[in-house]
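Participant: Sequence:
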Amino acid sequence: MKLNFKKTGSGEPLIILHGLFGSADNWFSIAKELEDEFTLYLVDQRNHGDSPQSEDWNYKVMAEDLKELMEAEDISEAHLLGHSMGGKTAMTFALNYPDKVKKLIVADIAPRYYPVHHETILKGLNAVPIDSLKSRKEADDALSEYINNAGIKQFLLKNLTRVDGGFKWKVNLPVITDQIENVGEEVSSEKPFENTTLFMGGENSDYIQDKDKEDIDRLFPNSHLIYIKNAGHWLHAEQPQAVVDTIKAFLKR
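Numbering (the UniProt record's numbering), first residue to last: 1 to 253.
These are calculated hints, taken from the structure and not from any lab test.
Mixed in with the good hints there might be a few duds.
[As the list claims (entries may be wrong)] Here are the simulated distance ranges between beta carbons: (1) GLU35 <-> ASP141: 36 to 46 Å; (2) LYS168 <-> LYS229: 23 to 33 Å; (3) GLU73 <-> THR177: 48 to 58 Å; (4) PRO115 <-> GLU214: 16 to 26 Å; (5) ILE130 <-> GLY151: 18 to 28 Å; (6) ALA249 <-> ASP164: 21 to 31 Å; (7) LYS137 <-> ALA249: 36 to 46 Å; (8) GLU185 <-> ASP217: 18 to 28 Å; (9) GLN179 <-> LYS229: 30 to 40 Å; (10) LYS2 <-> ASP164: 17 to 27 Å; (11) GLU214 <-> SER135: 46 to 56 Å; (12) GLY151 <-> GLN179: 24 to 34 Å; (13) LYS158 <-> LYS134: 17 to 27 Å; (14) LYS248 <-> GLU138: 12 to 22 Å.
[Claimed, not checked] BS3-like cross-link-like pairs, simulated, lysine-lysine; straight-line CA separation at most 27 Å: (15) LYS6 <-> LYS158; (16) LYS248 <-> LYS153; (17) LYS2 <-> LYS170; (18) LYS252 <-> LYS229; (19) LYS229 <-> LYS67; (20) LYS213 <-> LYS102; (21) LYS229 <-> LYS248; (22) LYS153 <-> LYS123; (23) LYS170 <-> LYS158; (24) LYS137 <-> LYS100; (25) LYS6 <-> LYS67; (26) LYS134 <-> LYS170; (27) LYS102 <-> LYS248; (28) LYS229 <-> LYS60; (29) LYS67 <-> LYS123; (30) LYS100 <-> LYS6; (31) LYS168 <-> LYS6; (32) LYS153 <-> LYS134; (33) LYS2 <-> LYS100; (34) LYS60 <-> LYS213; (35) LYS7 <-> LYS100.
Glycine residues also receive a C-beta, built at the ideal position from the N, C-alpha and C atoms.
Could you build the full structure based on these sequences and the hints that come with them?
Facilitator: Right under this line is the structure:
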């Protein structure tokens, strides 16, 4: 699948993959701080942003999408950063194609299985009357019945776009709703990824726990784990400068 992406900067290639319900734009401000030293590829994963939609949606096919992008851009090797769902895509790709990944950064996700915990968000998104929607405020009001957090609502509503006098979701909501279990699936491999890897968690997030260290060490033996202070799961939005500084220090070491 030919993914949509935004390219900026110069230097060694660094590919960034967003999380569930996200898009390439989520990492644009981070990329602006890195473009003097790296060529950034900000990617919309399938069923998100402006990339194509498909009934096939799992980490195997998303890793193959990334391989196709690198081949199309003539990238033989790149640094790879993925957040949450994007982190699992990045881990899957690195384990399957280790020779194509110079250094790996996984942001606030572990390789283990995660039970579904997006039910409320999915109920809210599906409650928005997308076929008859007249305004963004109407969508906000519908989401408010399920989600109180203004930041989360704003993030989700970035997926709403105008089309033919109405609105549509950029995300493939029917497929994501039907296959949401796939987001939590475990990343596994018989052979580890030996290159240098950074797991970057949010100090206030529970996505990477002590119990995850065994799986991390087994699959990524040349890795270390740090936590960004005063940050939750959305560490790049909550502590952008700390995330930028950490990325630079790791990739330049």
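Participant: Do the beta carbons of ILE130 and GLY151 sit within 18 to 28 Å of each other?
Facilitator: holds (22 Å)
Participant: Hinted pair, alpha-carbon criterion (27 Å max): LYS2, LYS100. Please report holds or violated.
Facilitator: holds (18 Å)
Participant: Against the 27 Å threshold, does the CA-CA distance of LYS2 and LYS170 hold or violate the hint?
Facilitator: Answer holds: LYS2 to LYS170 is near 16 Å, not above 27 Å.
Participant: Is the Cα-Cα distance between LYS102 and LYS248 27 Å or less?
Facilitator: Given that 27 Å is the threshold and the Cα spacing comes to 14 Å, the pair holds.
Participant: Need the status of pair LYS153, LYS134: alpha-carbon distance at most 27 Å?
Facilitator: It holds: about 18 Å lies between the C-alpha atoms, which stays within 27 Å.
Participant: Given the proposed pairing of LYS229 with LYS67, does the C-alpha separation stay at or below 27 Å?
Facilitator: violated (33 Å)
Participant: Verify the proposed pairing of LYS229 with LYS60, using a straight-line Cα cut of 27 Å.
Facilitator: violated (32 Å)
Participant: Taking the beta carbons of GLU73 and THR177, is their distance inside 48 to 58 Å?
Facilitator: violated (32 Å)
Participant: ALA249 and ASP164, beta-carbon distance inside 21 to 31 Å?
Facilitator: Cβ of ALA249 to Cβ of ASP164: about 47 Å, so the range 21 to 31 Å is violated.
Participant: Regarding the pair LYS229 and LYS248, is the alpha-carbon distance no greater than 27 Å?
Facilitator: Status holds; Cα separation ~17 Å.
Participant: Hey, LYS252 versus LYS229, does the alpha-carbon distance stay inside 27 Å?
Facilitator: The hint holds at about 21 Å.
Participant: Can the restraint linking LYS6 and LYS67 be considered satisfied, given a maximum Cα separation of 27 Å?
Facilitator: Answer holds: LYS6 to LYS67 is near 16 Å, not above 27 Å.
Consistency note: the structure conflicts with the earlier hints numbered 2, 3, 6, 14, 16, 19, 24, 28, 29.
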